Every structure is written in C-alpha cells, then in structure tokens.
Amino acid sequence: MSLVNDMLRDLEKRGQGGQSPLSDDSVRSVSHSDSANRQQRRSWPLLIVLVALILGFVLLAWQLWQQRSKDSVPAQRQVASTALSVQPTVVEVVDTQPEPARVAERLVISQVRWLPTSTGGDLVIQFNARPDIQLLNQTRQSVVIALPKARLDNTLPLPPSEVISEFNLMSAKGQLLLDLKASRDARFSLIRDSEHQIRVQVLLAKPQLLSSTSVAKSIRQNRSEVVSEPVANIAMPIAETKSVNAAQTSASVSSTTGRSVNTAVADSKTKRPQTSHKPSPAKSKAEKPQPNAKVVAQSKPAPKPVFQKTAQVLTDDQAVAKARKLLQKNKVSTAQALLQKQLEQAPASVESRALLAGIYLAAGDHGQSERLVDEGLRVMPLDSGLKKVKARVLLAKGDSAAAVNLMESAPPAIKLDGEYHEIRAAALQQQGRAEDAVNVYYQLLKYDSRQARLWVGLGYSLELATREDESRKAYESSLQVPNLDDNLKRFVTQRLKQLAER
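In this text, residue positions in the sequence shown follow full-length UniProt numbering: the first is 1, and each later residue adds one.
Don't read these hints as lab results, they were simulated from the structure.
As the structure is a computational prediction, the values presented were derived from the model and not from experiment.
Be a bit skeptical, because a hint or two may be false.
[Stated by the list, open to error] Cβ-Cβ distance ranges computed for the label pairs, FRET-style:
id, residue 1, residue 2, range
1, S194, N483, 47 to 53 angstroms
2, P116, P381, 26 to 32 angstroms
3, P116, G432, 50 to 56 angstroms
4, L203, E435, 40 to 46 angstroms
5, S194, T334, 51 to 57 angstroms
6, Q328, A500, 38 to 44 angstroms
7, E419, R371, 21 to 27 angstroms
8, D486, Q328, 17 to 23 angstroms
9, G367, A321, 25 to 31 angstroms
10, A500, R184, 30 to 36 angstroms
11, A500, E408, 42 to 48 angstroms
In this text, a Cβ means the ideal position worked out from N, Cα and C, and glycines have one as well.
Please take these sequences and the hints and turn them into a complete structure.
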C-alpha cells in the first residue's frame, strides 16, 4: 500500500508542475482512434438494415414466383382437359369432309400390273386411297401423268418391248411422274376403275401402210411371174405359124371377156398344115399354155384396186419426214400441199398440223397459223408441239403475257422437251421477268451444257437482270462451245463489246 501511495503522490506532483505524462502526439492519436471507432460503430447498424432489406426482396420475389408457378399448373391442366374434351368434336367434323389433303399425304402405290391385250395392253395401278391424277403431257407415242404426294412401295412390271418402249416412274418435287412411251403411234386412255385403282389403256395403231405395201409388192411380183410364163409358152408356137394366127393368139391372151385361149389354139391347129409338115409337135406346144392362160385371166384384175387405195395413205411421221425433205429442197408449196392433204385424210395428225402451222408462221401468215393450232388444241389441249407453235404466234403478235400463261400451264419435264422451256424463257424475257428466265436457262444447262444458244440466252437474261459480271461470263462460255453459229457469234461479240464500255 505504501508503494501505491508513493506513486500517486508522484503523479500529483507532476500534474501540478504542468507536465503531462504523455506527449501531444500521443493524445491526438488516441483521440483520432476513438472517433474512428465511433464511426464504425455507427455504420454497422446501417449495413445490417441494408442486408435485411435485400434478403426481404429476394424472399418476396421467390414467393411470387412460387405462387405464379402454382397458378399456371392448374391453368395448363385446364387447357389440356379442354383440348381433350374438344378433340372428339373436331374429329367428327373432319369425318364429314372428304379430306383430300390428308389422303394425298399418305398416298401409296400398292401394286402396279401390266395386262396385255390383243391391241396393246393396260397398265393397272392400285393405291391405298383415292389418288389425285394430273395429265401433264400427251403425244402420239407418249403420256406423262403426275401423282402428287405419292410413293411407291412395290416393284415395277416389265411391259413387252413390242408395245412399250420406255416405262419410267420418277420422283420430282414431292410427286411421282409416270412416263409411258409406246413403240409406235398409239392412243392412251386414262380410266378410273374404282376409288383406289386407275388404268392407263394403250391401243397401238395398226401399221397398215407397211403391211399393205408388202402385200401389194408380192402380188405384183406374182402377177409378173404368172404373166411371163404363158406369154413365153405361147410365143413358141406363134413363131411356127403365119402372122394371122399370131395375131389371133395374142388377142385371145390379152382379152379376158372375148375369145378364149382354147379357140385361138384351135384356129392355129386348123391352119398349121399349110406351113409345117410336123403338126404333132406344134399341137403339143399349143396345148401346154392353156391352163396357164386361164390362170392369167383369173388373177389379173384382183389386186389393182387394193394397191391403189393403200399407196397414198401416210402416217403422221411419214408425212412430216417427207415434208421436211421437201423443205430442205426449198419446195415449200409442195410441202404445204402434202401436209394439207394429210390433215384432210387424218385430222388427228398432230405433228403434221404443227409443222404446217410453223410454215405459215415463217411466211408471216399469223392468222392461218393460229387457226390451225387452235383447231388442234381443241382436241389435244396439252400437246406440247401445238403449244410451242401457239406461243411463237403470240410472241410474234407481242402478246407475251398470254404466251407465258400458255407455256406455264402443265409444262412437260425439261428432259422430255427442252425446246418447250426455251420458248418459255424467251416469253419470260419479253414480259420483263428476267430473273425467272435466268432460272429456266440454269435448269436447261444442267441437262445439256453443250448447246451454245443456251449460254447466249442465259447471258442475255443476266444482262436484262443487270447482273453484268455473270452475263459476261455466260457470253464467254458460249464462245467456247464448238456449235456456235456465225449469227450468234456476232451477237455475242457485240454484247461483250457493249458490256466492256459500261
């Protein structure tokens, strides 16, 4: 205790003397630390309150999300139950309708059969539902039928080559294309046997001209052989008789309704002793031609009218081939007369009609050409040959819109008739649809890139579409094709020169 008291006394003495046990710096540092501690103590409650608010917001958002998810589940269940309750009524409504679209999506060819007949044959096709059939193109020797949204689940038959030369079933743009080509001219009929079965009937045309010509030639040869024998046999006894007897004998052979050969031979017998001392050989020679002369009288008049009637009948192909040869010889009027006569004898000669209309069109007679084509289109509205001539007539008259509408209605496949699509592209160019013409030429070049005129057409279409760089390349490609003629070459050179100046 005494020690403690001594220390207290010492402190009091120092305090009375004005001296502080600590320096000013130490006092200041202690005061600063006290103020900092006070500020930290004041900020802690604020931080705690802020954290509590954040946690509260998070909890509130989580509760709202939970509430919404709970509310959405009954709504979904209600929608699902409503859909299930409504679904039977929708099915009932659909059942009352024919549903062509739903049937087409599931159309399947279950069986394809070929049934031969005496005049050709029938191609029978069975489906699992009612098919939607489109006739795309029909000519004298081929037919193209489209079956939209159909597929084949069976193998194809092999028709006899003497009836069908080509039989293809191709898939293109979501549909099946049935391409049937006959071995010669034929008539095609599309028949619906039942709801799920169709039949393509093929009736081959009879080759009357070839058979009748060969028969007529054989008859002619037989006639010449039969006639030559009695004449030779009769000439021998005539050489041994007088001239009067020879005249009587020749008159009896040439006339079928006058004196008979027996009478002529009898006359020669009666006068023979005056000129010959050997009547017995002359008699035997004269008796031999009697049966031959009778055969001549019976067979001579029979075959003539048959040969004359069949010699002037031509098929459509033969008339067209003959007319083309006449045109190559610059005999235009003779070719026109031949084709006109062919149409008078056989109005269904489609190729003859198209060629004759083309001749009139080249001569500038648009009215006569259009009249011929319209008559043919009334009978066969899908014939591509007639449509091509009709489009040329319309383009010559400046009616490009009508030409485009005609060529875009049921066009044949590009590989079947490329010329058809060339005319279609020209009509699109004239109508101002250059981009569509470009697409057509691209498709044509996919099948045949060796035709210079296709490259020229593509270049001109690209030029109209203001695609100059591509146009220049197309023109240059045409110059590399060997079959570029002089007129097109001059045109291409001129177009390249103008493109270089731009």
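> Honestly, which of those hints from before does the structure not fit?
Replying inline: Those not satisfied are hints 10, 11.
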